Amino acid sequence: MAISSYYRCTYGNYSETESTVKYNEQNNSNGKEMIKGVSTAVQTNPYSGTSFKVASKTSGANVFNLLDSTAGKVKDGVARGASVFRVDGPHGKVTYNHFNTNSSLYPNNKIYQALNHKKISSVTYNIGKNAGKITKTLKVGGRAVAVAAAIMDGKEIYDAYKKDGNKVGENTITTTSGVAGSWVGAIGGAKAGATGGAAIGTMICPGLGTTIGGIIGGFIGGIVGAIGGKTVGEGIAKEVMNR
Amino acid sequence: MLKKRKKFPKERLTGAVLERVTDHQYFFTLEHSLNHYENYDWWKYLLKDILFVLLYETEFYLCIENSVDDKSLWKDFKGYESVDTVGDNVWIKCKNVDSYILITLLEDYENLWEYEGPLHFFAGIQDDKEKNPDTMEYQMKLSSLRDSMGIEIKVAEKEMKEDIIKKIKKVMDSYRLTLDFKEEGNE
Numbered sequence: 042m043a044i045s046s047y048y049r050c051t052y053g054n055y056s057e058t059e060s061t062v063k064y065n066e067q068n069n070s071n072g073k074e075m076i077k078g079v080s081t082a083v084q085t086n087p088y089s090g091t092s093f094k095v096a097s098k099t100s101g102a103n104v105f106n107l108l109d110s111t112a113g114k115v116k117d118g119v120a121r122g123a124s125v126f127r128v129d130g131p132h133g134k135v136t137y138n139h140f141n142t143n144s145s146l147y148p149n150n151k152i153y154q155a156l157n158h159k160k161i162s163s164v165t166y167n168i169g170k171n172a173g174k175i176t177k178t179l180k181v182g183g184r185a186v187a188v189a190a191a192i193m194d195g196k197e198i199y200d201a202y203k204k205d206g207n208k209v210g211e212n213t214i215t216t217t218s219g220v221a222g223s224w225v226g227a228i229g230g231a232k233a234g235a236t237g238g239a240a241i242g243t244m245i246c247p248g249l250g251t252t253i254g255g256i257i258g259g260f261i262g263g264i265v266g267a268i269g270g271k272t273v274g275e276g277i278a279k280e281v282m283n284r
Numbered sequence: 008m009l010k011k012r013k014k015f016p017k018e019r020l021t022g023a024v025l026e027r028v029t030d031h032q033y034f035f036t037l038e039h040s041l042n043h044y045e046n047y048d049w050w051k052y053l054l055k056d057i058l059f060v061l062l063y064e065t066e067f068y069l070c071i072e073n074s075v076d077d078k079s080l081w082k083d084f085k086g087y088e089s090v091d092t093v094g095d096n097v098w099i100k101c102k103n104v105d106s107y108i109l110i111t112l113l114e115d116y117e118n119l120w121e122y123e124g125p126l127h128f129f130a131g132i133q134d135d136k137e138k139n140p141d142t143m144e145y146q147m148k149l150s151s152l153r154d155s156m157g158i159e160i161k162v163a164e165k166e167m168k169e170d171i172i173k174k175i176k177k178v179m180d181s182y183r184l185t186l187d188f189k190e191e192g193n194e
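Residue numbers (my numbering), protein chains in the order written: chain A, 42 to 284; chain B, 8 to 194.
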């Protein structure tokens, strides 16, 4: 923010100067890109690019089961897959909600091994139990937010069109290119972020770490991708027009 | 020099527990979860031998719950008396126990001992057309406990207890492992 604008804001003599308008526009724009990143991230599978997947069916006390399709016994040349991480309610001699890890996998990962039969709170248990529903709700919410962001994009393009004197000019092309870049960046960034985050999480603690890493990585990747994608998109448009 | 601290020390598996729940129900289990033991692979050998002695020279049904979609079960157990499905469960009838069925179940179908299934061996049975694991009549029923924690043993007559303990003890002795007998609530 320019110093003159800062003084005007601080001492109450506020009037929208060119720099404050620019500053606000930039902030709004980044906020919108963040929304795009988040809306894309919630729709991205945190296990994308990994061999992990959530079991579609659970039985008995088991409420959440993360499988590694490349682990387990090999039969007819194909790995049968094995459970990496589970959330269980009480069963048999174990009278409390708990995590389960696989004794035959990652024997040297102490964090992973220490999670086995670790008592968990009812909140954690319920998150595991309702993971499918939570994901579904977030996806629906994410789609709605994405639609809202797309409408805002439409307005931004329209404003640029008006700025160009109701014709497709430099502003329209730059804005459109930026919008396209932000969506491409958000989708690609969320996927790449989820893959990277899941990989880092797996190194720390397979299963639980993969999940947390995949989710956080997806969010960071989506947001960074959207902001970066917009800048790149606008940059490319300007470059092409200046030739 | 800094001494490296052991954060999660593991123990050798030195014994197992036979816990009496009622006169007709027992748990043959580990004291701790499987990850607690550095020689956890012994547990499979032990379970295989325990199941073998308990089912020896007995006709039995093997019921694997919730596994109707696992087509490899049919391929793996087609050589037995009969393989059948009722609802979501696969039923396999065996004239006698052999190492093949036990090793295949323990090695290739770890999931059934961990989180799927459960599986049940019904010994001393009459031909039951209904094939319902909850109502089937038996002399002895052996069921998998989740998380590879062992087996649940149910007997029709409480007099069978002595024979079961004797057989389990013999196997444990052959592994040089101890058998700790616990009454329910007696820790």
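Don't read these hints as lab results, they were simulated from the structure.
Remember, predicted model here, so these are calculated numbers, not experimental data.
Please note that a few of the clues may not be correct.
As the list claims (entries may be wrong) - Pairs of lysine-lysine residues, derived as DSSO-like cross-links and limited to a Cα-Cα distance of at most 30 Å, are as follows:
1. Lys151(A) / Lys165(B)
2. Lys82(B) / Lys165(B)
3. Lys114(A) / Lys85(B)
4. Lys78(B) / Lys94(A)
Hint by hint, here is what the structure shows:
For the hint pairing Lys151(A) with Lys165(B), the CA-to-CA distance comes to about 43 Å; that exceeds 30 Å, so the pair is violated. The hinted pair formed by Lys82(B) and Lys165(B) fails the criterion: a straight-line CA distance of about 37 Å is larger than 30 Å. As the CA atoms of Lys114(A) and Lys85(B) are separated by approximately 20 Å, the hinted pair is consistent with the 30 Å bound. This hinted pair checks out: Lys78(B) and Lys94(A) have alpha carbons roughly 21 Å apart, not beyond 30 Å.
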